[in-house]
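Engineer: What follows is each chain in one-letter form.
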Amino acid sequence: NAGVTQTPKFRVLKTGQSMTLLCAQDMNHEYMYWYRQDPGMGLRLIHYSVGEGTTAKGEVPDGYNVSRLKKQNFLLGLESAAPSQTSVYFCASSYPGRGHTEAFFGQGTRLTVV
Amino acid sequence: GQSLEQPSEVTAVEGAIVQINCTYQTSGFYGLSWYQQHDGGAPTFLSYNGLDGLEETGRFSSFLSRSDSYGYLLLQELQMKDSASYFCAVSPPGAGNMLTFGGGTRLMVKP
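Protein chains in written order, with this note's numbering: chain C, 1 to 114; chain Y, 115 to 225.
Hint data in this document are derived by calculation from the structure and do not stem from the laboratory. Watch out, some of these pointers could steer you wrong.
What the hints assert, rightly or not - Label pairs and their computed distance ranges (CB to CB):
id, chain 1, residue 1, chain 2, residue 2, range
1, C, GLU59, Y, ASP153, 40 to 50 Å
2, Y, HIS152, C, ALA2, 44 to 54 Å
3, C, LYS9, Y, THR125, 41 to 51 Å
4, C, ASN65, Y, LYS224, 18 to 28 Å
5, Y, ALA130, C, ALA2, 17 to 27 Å
What the hints assert, rightly or not - To be clear about the criterion: a stretch of chain Y counts as covered by chain C if any three or more of its residues have a C-beta under 8 Å from a C-beta of chain C, and this derived list gives those stretches:
id, region
6, 126-138
7, 153-162
8, 178-190
9, 211-223
Quick reminder that beta carbons are idealized off the backbone N, C-alpha and C, glycines included.
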């Protein structure tokens, strides 16, 4: 039972570099989300998707892009990393039951931008 | 938009009961959920209130009052392992089902 899998788990980037975070889920969920969590803070929604081929902006979308080419995968891209993007990134997926509030999270990606 | 307010920190002793509140401002939602997150871990789903009233799951209970725009998570018989952060969350259909979390409450359980 893999659930939601994120890769990589850790990454250090230099300012200006680019990278892509991969999220894969095997539960056939329509909805997928990317959050960032800064130390001692809550989860802030970056982008989300309500189905294959669709994406939408969340609360803090600037500096990030996403793609949902396949239902099971949701990619988060940083085109030109900045130190302010140092954070822990969580991917999640959800199903229609419980008003789409029961989400399953990956284990997170710890990103440091130096 | 929607906002969910929680106390930032709560401290309680082992064996006690603690209540974590969540007040919200959102125009319509299916229900209120609660999540637990241990340090260094991922959030995990705890409970859901689709209707007003109390839902009980073992030592944990959750309550919702739509008329008061208020909900809470009640933890009984506290154990050291309950030390974690707790988040309330909603997914308003009017906002494209954008799953939104409160700022979280850090619970410290002391011996």
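Engineer: Is the gap between the beta carbons of ALA130/Y and ALA2/C within 17 to 27 Å?
Structural biologist: 38 Å, violated
Engineer: Between the region 153-162 of chain Y and chain C, are there enough contacts, at least three residues with CB-CB distance under 8 Å, for the coverage claim to hold?
Structural biologist: With 6 residues close enough to chain C, the hint holds.
Engineer: Can you tell me whether the CB distance of GLU59/C to ASP153/Y sits inside 40 to 50 Å?
Structural biologist: 24 Å, violated
Engineer: Please verify the coverage claim for the region 126-138 of chain Y: does it have three or more residues whose C-beta sits within 8 Å of some C-beta in chain C?
Structural biologist: violated (count 0)
Engineer: Test coverage of the region 178-190 of chain Y by chain C using CB-CB distances below 8 Å; three residues minimum.
Structural biologist: It is violated, with 0 qualifying residues against the three required.
Engineer: Return holds or violated for the Cβ distance of LYS9/C and THR125/Y against the range 41 to 51 Å.
Structural biologist: Cβ of LYS9/C to Cβ of THR125/Y: about 32 Å, so the range 41 to 51 Å is violated.
Engineer: Can the suggested window of 18 to 28 Å be confirmed for the beta-carbon pair ASN65/C and LYS224/Y?
Structural biologist: The hint (18 to 28 Å, Cβ to Cβ) is violated, given that ASN65/C and LYS224/Y are roughly 45 Å apart.
Engineer: Does the hinted range 44 to 54 Å hold for HIS152/Y and ALA2/C at CB?
Structural biologist: Hint violated: Cβ distance 21 Å, outside 44 to 54 Å.
Engineer: Can you confirm whether chain C covers the region 211-223 of chain Y, using C-beta to C-beta distances below 8 Å and requiring at least three such residues?
Structural biologist: Result for this restraint: holds, n = 9.
Consistency note: the structure conflicts with the earlier hints numbered 1, 2, 3, 4, 5, 6, 8.
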